[in-house]
Amino acid sequence: AQTVTQSQPEMSVQEAETVTLSCTYDTSESDYYLFWYKQPPSRQMILVIRQEAYKQQNATENRFSVNFQKAAKSFSLKISDSQLGDAAMYFCAYSAGGTSYGKLTFGQGTILTVHP
Amino acid sequence: DTGVSQDPRHKITKRGQNVTFRCDPISEHNRLYWYRQTLGQGPEFLTYFQNEAQLEKSRLLSDRFSAERPKGSFSTLEIQRTEQGDSAMYLCASSAYPRRAHYGYTFGSGTRLTVV
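So the protein sequences, as listed, match chains A and B.
According to my numbering, the first sequence is numbered sequentially starting from 3.
According to my numbering, the second sequence is numbered sequentially starting from 66.
No lab work stands behind these hints: they were computed from the structure.
Any given hint might turn out to be false.
Result set (BS3-like, lysine-lysine): computed pairs, CA atoms no more than 25 Å apart in a straight line [what the hints assert, rightly or not]: (1) 72(A) x 105(A); (2) 122(B) x 105(A); (3) 79(B) x 105(A); (4) 57(A) x 72(A); (5) 57(A) x 105(A); (6) 76(B) x 122(B).
Predicted model only: the values in this text are computed from it and were never measured.
Okay, chain A solo, but in the shape it has when bound (with noise of 0.2 Å):
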């Protein structure tokens, strides 16, 4: 079974600084994809980024960006330029490929502050 770890609960930040998400993941699939999703508080979970394994290049989505090591099974999200907004639960995700693809397996999720 496909497991997902964020070993960090807690991360803050100060505003216009740089802050990196840690998540670890196992899997047997050599198909598959990550993701992070940003859940503010009392609001709906949304996509911050995805990455599929296959590709070698770091997606970017304009202050984010993730360091996917494939060997490692490491993929972390570092926010720059951080804003208060950014302040939510992040989590990570994985889905198989193929038929099963939709089907999200998340961490535990990271509380990041951001301090004025």
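Position chain B relative to chain A; hints supplied.
What follows is chain B alone, placed relative to chain A:
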């Protein structure tokens, strides 16, 4: 496109009662997913549908839980004989499979169940 709609937003029920939640996906989405999220944890997969067919049901889901998607549109999740351990946020998501862009994978705002 009004997004994924879940009803009710909150439900308080007495232990032993039955409850039913509804999820209305984005109209053109053929896949629909149910997740359960307890406080401070990541969502856990419960079950998912492609059109009206239930493709997989988690082993976490006891026989007290049942889900349907009778016409391939909205879905219901029923919990019979509720227990205090069922208290959680129940999230629904929908997507258009086999599109892989994933950015159409949309979560609803959830139904928060409290069993007293």
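Quick rundown of the hints versus the structure:
{"no.": "1", "hint": "72(A) x 105(A)", "verdict": "holds (20 Å)"}
{"no.": "2", "hint": "122(B) x 105(A)", "verdict": "holds (11 Å)"}
{"no.": "3", "hint": "79(B) x 105(A)", "verdict": "violated (31 Å)"}
{"no.": "4", "hint": "57(A) x 72(A)", "verdict": "holds (10 Å)"}
{"no.": "5", "hint": "57(A) x 105(A)", "verdict": "holds (20 Å)"}
{"no.": "6", "hint": "76(B) x 122(B)", "verdict": "holds (23 Å)"}
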